[in-house]
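Could you fit the two chains together into a complex? Lean on the hints.
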Amino acid sequence: MIQTALDIQTIRKDFPILNRKVNGNPLVYLDNAATSQTPQQVIDVIVDYYSSYNANIHRGVHALSQEATDAYENARHKIQTHFNIAKPQEVILSSGTTHSINLVANGFSSLLKKGDEVLVSAMEHHSNIVPWQMLCERTGAVLKVIPMSLEGELLMDEYRALLSPRTKLVFCNHVSNALGTINPIQEIIDEAHKVGAVVVIDGAQAAPHIKADMQQLDVDFYTVSAHKLCGPTGVGMLYGKEEWLTKLPPYQGGGEMIAEVTFEKTTYADLPHKFEAGTPNICGGIAFGAALDYLNAIGMENIAQYEHELLTYATQQLLNIEGLKIYGTAKEKTSVISFNIEEIHPYDIGTILDKLGIAVRTGHHCAQPVMDFFGIPGTVRASFSFYNTKEEVDLLVKAVERARSMLL
Amino acid sequence: MTINEIQEEIVEEFSMFDDWMQRYEYMIELGKSLPLIETQYKTDDNIIKGCQSKVWVHAELENDKLVFTADSDAIITKGIIAILIRTFSHQSPKDIIEADTGFIDEIGLKEHLSPTRANGLVSMIKQLKLYAIAYQTQLN
Chain A
1 MIQTALDIQT IRKDFPILNR KVNGNPLVYL DNAATSQTPQ QVIDVIVDYY SSYNANIHRG
61 VHALSQEATD AYENARHKIQ THFNIAKPQE VILSSGTTHS INLVANGFSS LLKKGDEVLV
121 SAMEHHSNIV PWQMLCERTG AVLKVIPMSL EGELLMDEYR ALLSPRTKLV FCNHVSNALG
181 TINPIQEIID EAHKVGAVVV IDGAQAAPHI KADMQQLDVD FYTVSAHKLC GPTGVGMLYG
241 KEEWLTKLPP YQGGGEMIAE VTFEKTTYAD LPHKFEAGTP NICGGIAFGA ALDYLNAIGM
301 ENIAQYEHEL LTYATQQLLN IEGLKIYGTA KEKTSVISFN IEEIHPYDIG TILDKLGIAV
361 RTGHHCAQPV MDFFGIPGTV RASFSFYNTK EEVDLLVKAV ERARSMLL
Chain B
409 MTINEIQEEI VEEFSMFDDW MQRYEYMIEL GKSLPLIETQ YKTDDNIIKG CQSKVWVHAE
469 LENDKLVFTA DSDAIITKGI IAILIRTFSH QSPKDIIEAD TGFIDEIGLK EHLSPTRANG
529 LVSMIKQLKL YAIAYQTQLN
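As they're listed, the protein sequences go chains A and B.
Going by the numbering used here, the first residue of the first sequence is number 1, and it counts up by one from there.
Going by the numbering used here, the first residue of the second sequence is number 409, and it counts up by one from there.
Bound conformation, chain B alone (with noise of 0.2 Å):
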């Protein structure tokens, strides 16, 4: 599936619920599926700034793919992560830099876009399109 397709697909899934509160638990389900970056990547090195909870994240090359692992200490910024990660993990570096990412605003989380908010969902959003430049560069 493309990134844009997931996306889709993620927005569809959200738009089942009528309110907030299922949409936050949703959410948190998602956060308990994330695909849990390994202890030895759990480094201060792997942190994600700008965020009130911590956030590591993780990348990994696989057939020209990138793959990301993660974890967070808080459940609801796991649930955000888990979404990112969703619709960037097994896909190119290429298509992760281009991706835009305005599904968020679809899916009723608009509010956790502002730059100054404190859990850094734009700080994780430009992580993971970092490592996707770093990996593109390795690529060519």
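Isolated chain A (complex conformation) (with noise of 0.2 Å):
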């Protein structure tokens, strides 16, 4: 039995592309760490922008103009209350986490020098390895992994024993897309800050999760991604301190972020604008705000709660399949199980499970350097949402039988 506080047929009403079919078979949408889908709360706000008041914001004296910059602007300080940020400046609306990262990447670019050391996790996404790798090319600084275990935890012992006056940075997701383990964040902060590093942690894949507290965490950076947590894609949130946004140079130059412009001189705009050259994505920061009132409403506690529960669930039952082996078996975990049956390709089983209307992730997730720790080319990654229900959970594990038994 699954325990939960919510109505999980009436939630998923709001969600119209679960009514859809694919090759026949009622879709059963199991790649929620990939995107998440869109509920009819959030379509809404987007079609009224397009049909009630697009227009660019900041700078028209015009009706529509003012009511666009303060739907964007409600939008940012809806971000700053969800993620308990100190001040509104300290919201960056970027396209999302690859976006932020590059963004604080580069602007390290003039604050590190040979011989510094950049911390990056061994559970990290390729737009978290390869920003790192680039700056640490540019500047002269070490890159340094920090190990984890075949359960695909972080050894915290390692991790401290890498720390050195010379770590300037430590960059760590806070939840691994690949096995879902959610890391200990606060002690990784919290013994970064002892050398004087600086922390920046990749958010996307914890933020449908967990509510993410930014002045109890005192992280310095934290990104997100709208569309991970029921917002459309294009758009997310970069948080900074403000004492570092204001030490980072601005990442590119355009409308927005400036104060004053001649030939001679530019002069920058105040935060957050020097971050956000350019017109921005308006509707899907509007949007990215009301995936938030929406998600608020149904309750991240109630969520992670649920999804918890599926997890379990769906972890024991896959267990039963012979040859089936999980990867990444953390205590700490959000809803996504990484498995493989014994000699068959992920490839393979994604394609008979896409046949039976189940879709989920295949291949190494933009995590090669995961893969290789496991010694495998990839996996087959179901994700959960709260919108999914146990009995999607019986379809998986039927539908990975009967790919095992016609694959092997």
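30 Å max Cα-Cα, derived DSS-like pairs, lysine-lysine:
#	chain 1	residue 1	chain 2	residue 2
1	A	Lys265	A	Lys241
2	A	Lys398	B	Lys462
3	B	Lys462	A	Lys325
To spell it out: a stretch of chain A is covered by chain B in this simulated footprint if at least three of its residues, at any positions, have a beta carbon under 8 Å from a beta carbon of chain B; those stretches are:
#	stretch
4	340-351
5	354-367
To be clear, the hints were calculated from the coordinates, so they are not data collected in a lab.
Virtual Cβ for every residue (Gly too), placed ideally from N, Cα, C.
So this is what it looks like as structure tokens:
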């Protein structure tokens, strides 16, 4: 039995896409870690924006521009409140986590020097490895890796041993996209601060499940993508402490980010606009705010509790399948299950599941070093959201069994 | 047999099946009969890019005809490459270059033809034709 305070069948009615069929079967969408689905309440906000008040923001004196500006800044306020951020100027609206991380990594080019050290965890997404590698190439800093155990947990003793006065930057995801591990970021942040290092946390996978409190964490930078939490693609948040955002140089030049421009010299706008060059994703930002409203109305704690029940049930059921191995067995996990069956290639399983209407992710999940660590080409990854049901878990298990019998 | 005749034969074989599951099971069977590439040719140079699974292909000229061998770490991909090789192996480079591959659609594998599809069927066809172009140049 799955216990929950939520009425899942009513919640499912908010998501029109869940009614569609794939290859003649009702869609079972279990690729939520790649992108979440969008509720009607958020779709309505998007339609309303383009139907009623589409205009450029922050500069028009006309009514539409004012309305759009108010709605956009109101969304920033919602994001600020949701993540308990001290000041609105610490909320940078970006195009998503990859953009946010590149912004920070680029900014640190002028603050790092040869011999400085940057630590990244062993369970990172490529978008969390490459920008730091590029930063190290530009500055001569050294990239070091915080290792993990076979369960997919960071080795904290090794982490502490890596920290030194040379450590200038520590980067880690809050939740691993490939394994679902929830990393002990409070401890990571506190330890890094003891040696004066800056901490950047990728919250893309955590945000749909955990409401992170920026002030309590005392983190320096934290990133989120709206499309992982029922919002649209192409918009996200970069949280940065004001002192750091002030120190970093602007990332891109353009409109919005300037105070005064002459051909001799340009002075930059104040935060957050210094990092928001050009016309932003206005509609996306407003819809991001609406998505947070939607999630908060359901309650992040209710969501986390129900998804944990789904995870526990799905893990038990999948492990009944002969030869199935789960990668990522950390004690603290979000509702992500990465698995393989004996010698079967994950691509083959994914193909059969797709024919049965079940959407999962297969491959290396943009985390090749994680796959290399386990010595596998990839995994099948099923990731559950609060609109998934126990019955859908049963369909997954049945489908995996069917794929197994076809493929072995 | 010409490429067209082999393709017609394959279309006929697949027409016996009522549903996708039988078609896939047959494709998996075909994958098991794939003429396997010799280990010495199973190198990174012979990997076809654009596939989520690994596919190795090797081509050799025998009496002015191309003979293909291949392998993959995924069984469905092995089935797809087996079908392609059955149509193209022991054919002249010129015929391979000119061959139409519309029969893939007819055997219910249309979804694999999309260039964005991760299995890289399009990449496989391209690679087989590239071999043919290379050997055609050699023959000239």
